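We have chain A; now place chain B onto it with these hints.
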Amino acid sequence: MSNNILYIEDNPDNMMLVQRALESRGYHLLKAMTGLSGVEAAEREDVDLILLDINLPDIDGYEVARRLRKSSKTSLMHTPIIAITANALKGDAEKALDAGCDVYMSKPINIRELWARVEAFVPMP
Amino acid sequence: MRERNLFPNTASFPQSMTQSYLSHLECSGCGKKYSHDQIHTFCSVCQSPLLAQYDLMRARQNVDREEITRRKRGMWRWREFLPVLHEENQVFLGEGDTPLLSLPRLEKELGLSHLYVKDESSNPTGSFKARGLAAAISKAKELGVEKVIIPTAGNAGGAMAAYAARAGLKAHIFMPKDTPFANIEESRMAGAEVILVDGLISDAAGMAGEKARAEGWFDVSTFKEPYRVEGKKVMGYELAEAFAWQLPDVIIYPTGGGTGLVGMWKAFAELEALGWLEKTKRPRMVSVQADGCAPVVKAFQKGAIFCDFWTNAKTIASGLRVPKSFADSLILQDIYDSEGTALAVSDEEILDSQKHLARMEGIFAAPEGAATLAALKELVQEGWIQSEERIVLFNTGSGLKYLDYKN
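So the sequences go chain by chain: A and B.
According to this note's numbering, the residues represented by the first sequence are 1 to 125, in order.
According to this note's numbering, the residues represented by the second sequence are 1001 to 1407, in order.
So that you can see chain A by itself, here it is in the shape it has in the complex (with noise of 0.2 Å):
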């Protein structure tokens, strides 16, 4: 396992502490700050876990985890996911299950909780 972790977020205040969180317990942060490079990170890089907003500014993210889904890199499809979201309409959750992630968290990140989620699926370096 190379311990890296995708994270699919164009807000920078979010990226910088979630990176600061995750680098701190040893994990490598890759960053993507759209809906398309994010997919394009995904498929061209060695991911462990995928972190993923839902408000990008071009794909929204339901579309990302339907893509990535759907992949032609089939590691693709059994990567877990998690939606981060602040999302304010009804369904979010229930959207982001169905379109393929696999846990559900809302902003503002709870950064204990994150751990857990995160060494659920990736342990601890």
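To be clear, the hints were calculated from the coordinates, so they are not data collected in a lab.
Keep in mind the model is a prediction, meaning the values are calculated, not measured.
Incorrect hints may appear among the rest.
Part of the chain A face toward chain B, derived, beta carbon under 10 Å [to be verified]: (1) K70; (2) T74; (3) T79; (4) A86; (5) G91; (6) M105; (7) N110; (8) E113.
Listed next, the in silico DSS-like pairs over lysine-lysine satisfying Cα-Cα at most 27 Å (straight line) [what the hints assert, rightly or not]: (9) A:K107 - B:K1170; (10) B:K1314 - B:K1279; (11) A:K73 - B:K1033; (12) B:K1355 - A:K107; (13) B:K1377 - A:K107; (14) B:K1314 - B:K1302; (15) B:K1147 - B:K1170; (16) A:K107 - B:K1033.
Glycine included, C-beta positions come from ideal geometry on N, C-alpha and C.
Frame of chain A; chain B shown alone:
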């Protein structure tokens, strides 16, 4: 209504000081400390709830529990352990000191010896939310806040509107569109701006959070500011006093956001630190949820320390329709520490128990309160509760505010 200064001889305090022993705020997750004289929401490092801390060692030397029992009734008689420093900032509408009623007929029917209900329906705006919002709005006023915003499944909105009106603050409220009409109307009546959201409390929370950030309004969401739990914790102080400075054996509490459960557990810890308890045995805390939205129950059954977000949440008990509390880890920790339990009841059981409580004891409880009776029946049947134990149910509000679903 303002209480007189009960400490006329303490010359070191200005006349308006309430002698709160508030010392600082502390993150419940990472322990980071924050000053209490600035506006804070939640921990900036780990994004866990902040909790108010008091100088209890100093209070232990200076505060007499018997003196507090002689004060005029109301939540603010516990002012040393509340976060508001200046008496003039206490926004008081009569909250607190709700009755602890024995339930003799139900007791007999269920084969119990000591069954009580703490009836929170007599609070201003008809629910326990008054306590938390009294504390939060008072502290917001003290910190110079002018505009407050809240997402709510119902009663918290009405309470915030009332306290904000009395404090002269502008209130903005995000509610699911199926919130009981009484909550919508009481909020509007008190001058709040009410935005109805096509979704659940979690959806309302997302929208309110975005609006708060965009406009710079103070977000009074459950556990996203440190003071609502302080008002709620007074329920624990009142119970200790009512039970002659002992604590009941079991507390059965309906759990949405969980502020009351966490608050009472905090109160018990503070009472222990003060040395005020005759016996330090704490109650077993029972968290009751509806089976259509039971994230705490599911997590408890798995031994988890966080809840999964509950999808497709549905129950007539709008206060229990919370897919994931911001303080889920605190709720679970307190249940585990108390050797308590968590269980879910159906809407049908809630309605049956609501009728049962009204017909047997004359109490028209909110559905959330009725859920505690439904849970009690199950726990008695399972043998989890013993007949001689002292049991307290919490009725969190008046059934009169939930007449919509009767139509």
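Quick rundown of the hints versus the structure:
1. K70: K70 of chain A check fails; min Cβ-Cβ to chain B is 23 Å, beyond 10 Å.
2. T74: Since the shortest Cβ distance to chain B is 27 Å, the answer is violated.
3. T79: violated (19 Å)
4. A86: Holds: closest Cβ of chain B sits about 5 Å from A86 of chain A, inside 10 Å.
5. G91: Since the shortest Cβ distance to chain B is 7 Å, the answer is holds.
6. M105: Given a least distance of 7 Å, the restraint on M105 of chain A holds.
7. N110: holds (5 Å)
8. E113: holds (5 Å)
9. A:K107 - B:K1170: holds (26 Å)
10. B:K1314 - B:K1279: violated (41 Å)
11. A:K73 - B:K1033: violated (47 Å)
12. B:K1355 - A:K107: violated (39 Å)
13. B:K1377 - A:K107: violated (37 Å)
14. B:K1314 - B:K1302: holds (22 Å)
15. B:K1147 - B:K1170: holds (5 Å)
16. A:K107 - B:K1033: With Cα atoms ~22 Å apart, K107 of chain A and K1033 of chain B stay inside 27 Å; holds.
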